[in-house]
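Construct all of the structure, not just a fragment, from the sequences and the given hints.
Its first residue numbered 1, the sequence shown is counted upward by one per residue in our numbering.
These aren't lab readings, by the way, just hints derived from the structure by calculation. Possibly wrong hints are sitting among the right ones.
Below, computed lysine to any residue pairings styled on SDA-like, alpha-carbon distance capped at 25 Å [unchecked claim]: (1) 281 - 42; (2) 210 - 112; (3) 119 - 199.
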Amino acid sequence: MSTVAPTTRPAPVGAQRPGAARRRPLPGRSLLHTVIGVVLVAIMLFPVYWMLNASLAPAGNSLNTQWLPLDPDFSAYSRALSDQGQNLVTSLIVAVGACILSVAIAAPCAYALAQFQIKGTAVLLFIVLISQMIPGIVIANALYTVYTPIGLINSIPGLILADASQGIPFAILIMRAYLETFPASIVEAARVDGCGHVRAFWSIVLPVSKNSLITAGIFSFLFAWSDFLMALTLTTGETIRPVTLGLYTYIGTNDTDWSAVMSTAVLSSLPAVILMIVAQKYVAAGATGGAVK
Numbered sequence: 001m002s003t004v005a006p007t008t009r010p011a012p013v014g015a016q017r018p019g020a021a022r023r024r025p026l027p028g029r030s031l032l033h034t035v036i037g038v039v040l041v042a043i044m045l046f047p048v049y050w051m052l053n054a055s056l057a058p059a060g061n062s063l064n065t066q067w068l069p070l071d072p073d074f075s076a077y078s079r080a081l082s083d084q085g086q087n088l089v090t091s092l093i094v095a096v097g098a099c100i101l102s103v104a105i106a107a108p109c110a111y112a113l114a115q116f117q118i119k120g121t122a123v124l125l126f127i128v129l130i131s132q133m134i135p136g137i138v139i140a141n142a143l144y145t146v147y148t149p150i151g152l153i154n155s156i157p158g159l160i161l162a163d164a165s166q167g168i169p170f171a172i173l174i175m176r177a178y179l180e181t182f183p184a185s186i187v188e189a190a191r192v193d194g195c196g197h198v199r200a201f202w203s204i205v206l207p208v209s210k211n212s213l214i215t216a217g218i219f220s221f222l223f224a225w226s227d228f229l230m231a232l233t234l235t236t237g238e239t240i241r242p243v244t245l246g247l248y249t250y251i252g253t254n255d256t257d258w259s260a261v262m263s264t265a266v267l268s269s270l271p272a273v274i275l276m277i278v279a280q281k282y283v284a285a286g287a288t289g290g291a292v293k
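Rendered as structure tokens:
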């Protein structure tokens, strides 16, 4: 009588063998990574904490500032607002204007470079990229020679144009990366229904590209808000002075009242911090929107 050997089925791929222990992260290693991350974040945020702490110091001298603001004094903020309030308003107007101008110019340019079959697109993109590498002081000096005969020195429109020249190339690169993934069939369907290129761009492309628009606008705003070279080169008086230049001169005239200086620094940081907190989800989506096709 013949016996048939029992057949054994091969174990499925990826199945765990009996008795094999699963690899789990060691508790000590995970705790070590957490501690290292907390220490690095604390080191990076310590200047921000010290700026806020020194702004609340009652003595006004940074050498006498305690590690914890146990006795906060907010009088320095009233002095900072009275001295630098107009400069903050100037920076806000210039930054908002540069943001609007940058997005208004960059959006159609990015759409044309992404969707239209234009000869020399690679050359145009290379020129846009090269413009990002030019030192700001070179552009500022060139604009000074252009602004002088047409009367744009010491003017808000001149600062808006100058700051927009830095935000437009970056906004084009950001928006083009996203618009390359935009389905051309949607625009073609709109064209069949009678929409022109401008109507299709305004009514279809822009609403869908909200994340990239917000991302480009935020970075353009931050470029203009933190600008110092353009403000230093293109303003020669005290009537038009952004907060970056105002803080620079404020340090020289208040070297013994660091509470007011740090209060001005805190106030000038608030718009950027609030903007990034409110729009962080749009920035994350817009920055990675064109990463995967």
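Right, here's what the structure says about each hint:
1. 281 - 42: Between residue 281 and residue 42 the Cα gap is close to 24 Å, so the pair holds against 25 Å.
2. 210 - 112: Given pair residue 210, residue 112 holds - Cα atoms ~17 Å apart, limit 25 Å.
3. 119 - 199: Since the Cα atoms of residue 119 and residue 199 sit roughly 24 Å apart, the hinted pair holds (cutoff 25 Å).
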